[in-house]
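Q: Sequence:
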Amino acid sequence: MTGTSTMYKRWDIHQRLQHYLTVISFLSCAVTGIVIKFAYTTWAQSFAKLFGNFNTLFAIHLAGAVIMIIAGVYHLFYLVHRVFKGNLRGTMLPVWKDLKDFALNICFYCGLTRSAPQFAKYSYKEKIDYLAEYWGTPLMIITGLILLYPGKAIAIMPRWVIECSHFAHQGEGMLAFLVIFTWHIYAVHFSLDFFPMNNVWLTGKVSREVMEHEYPLELALIENKEGSLDGREVPQQPSATH
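Oh and the sequence shown: position 36 is 35 in numbering that gives the first Met the number 0, straight run, nothing missing.
Hints were generated in silico from the structure; no laboratory data involved.
Glycine included, C-beta positions come from ideal geometry on N, C-alpha and C.
Where hints are given, some of them may not hold.
[Stated by the list, open to error] Straight-line alpha carbon distances no greater than 25 Å define the calculated PhoX-like cross-link-like pairs of lysine-lysine that follow:
(1) Lys96 x Lys126
(2) Lys36 x Lys204
(3) Lys36 x Lys8
(4) Lys151 x Lys124
(5) Lys204 x Lys48
(6) Lys84 x Lys48
(7) Lys8 x Lys120
(8) Lys224 x Lys120
(9) Lys48 x Lys36
(10) Lys36 x Lys84
(11) Lys151 x Lys8
(12) Lys151 x Lys120
(13) Lys120 x Lys36
(14) Lys204 x Lys124
(15) Lys8 x Lys96
(16) Lys96 x Lys124
(17) Lys84 x Lys126
(18) Lys84 x Lys99
(19) Lys124 x Lys36
(20) Lys48 x Lys120
(21) Lys84 x Lys8
(22) Lys204 x Lys126
(23) Lys224 x Lys8
(24) Lys96 x Lys224
(25) Lys8 x Lys124
[Unchecked claim] Derived Cβ-Cβ restraints for the label pairs, each shown as a range:
(26) Arg113 x Ile161: 52 to 60 Å
(27) Tyr39 x Asn86: 31 to 39 Å
(28) Tyr108 x Gln14: 38 to 46 Å
(29) Ile161 x Ala219: 49 to 57 Å
(30) Gly150 x Ser45: 28 to 36 Å
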C-alpha cells in the first residue's frame, strides 16, 4: 500500500483492552500450564529453572487465571452495556446467514460454485473462534477452582467430578493452545491477506482494501449510512514502510 489510504474503525477501545487482557492471560496460562503438565520431563524442569522453580511457574499460572477472570467479567459487562444501549449490530452472535455462508464456502472450496460468500462485520469463522473461547473460559475457571481447592471441592461433590475436572482442565487447555496457534494465528496474521500481522488489535482500524476483500457487506452498509460509529473513517498518514 502506498500513499494515503482510508481507514475504517473496526474495534473500539474496550474491545482492544479485552483482547490485550485475553492475550496476556492465555500466554501465561498456556505456557506455564504445558510446562507444569510435563513437569516430569527434562525440558520442563530446565524451563522451570529459568523462573526459579515450579512454584514460581504455578504463581504465574494463577496470575494469568486472575487476568482471565477479569477479562471475562469485563467482556460480560461490555455485552450487557451494549444490550441496554440497543447496539447489537456487529456482535459475534451467530445468525442464519452464518450457516448459509459456511455451506457456500464449502461449495466454493470444492469448486462447486464460482462465488465465495460475502461477509458483514464478522464472518462465521470469526464467530466460531469467539464462541470457542467463551465456551472454554468458564470451563477453565470452574475446573481450575476445583483443582486449586480440592479439599473444599471434595466436601460438596463426588470424587469423580474432581478427577474429571483434572482431565477437562488439561484437555481444554491443550485444545485451546492448538486452536490458537493453528486456526487463529494463521487466519488473522499469517494468511496472505494479513501477513505479517493484522494491526486491528493494536489500532482498532483496517484499511479500505481489507474491508473490500474481507467485509464487503459491512463496507456497503457503512457507505449507505453516513455517521455510523463502526464506519468512522480516519485518514492514514503516509509511512516510509508502506
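Q: Could you check the structure against the hints above and give me the numbers of any it violates, in ascending order?
A: Hints 2, 3, 4, 5, 6, 10, 11, 12, 13, 18, 19, 20, 27, 28 not satisfied by this model.
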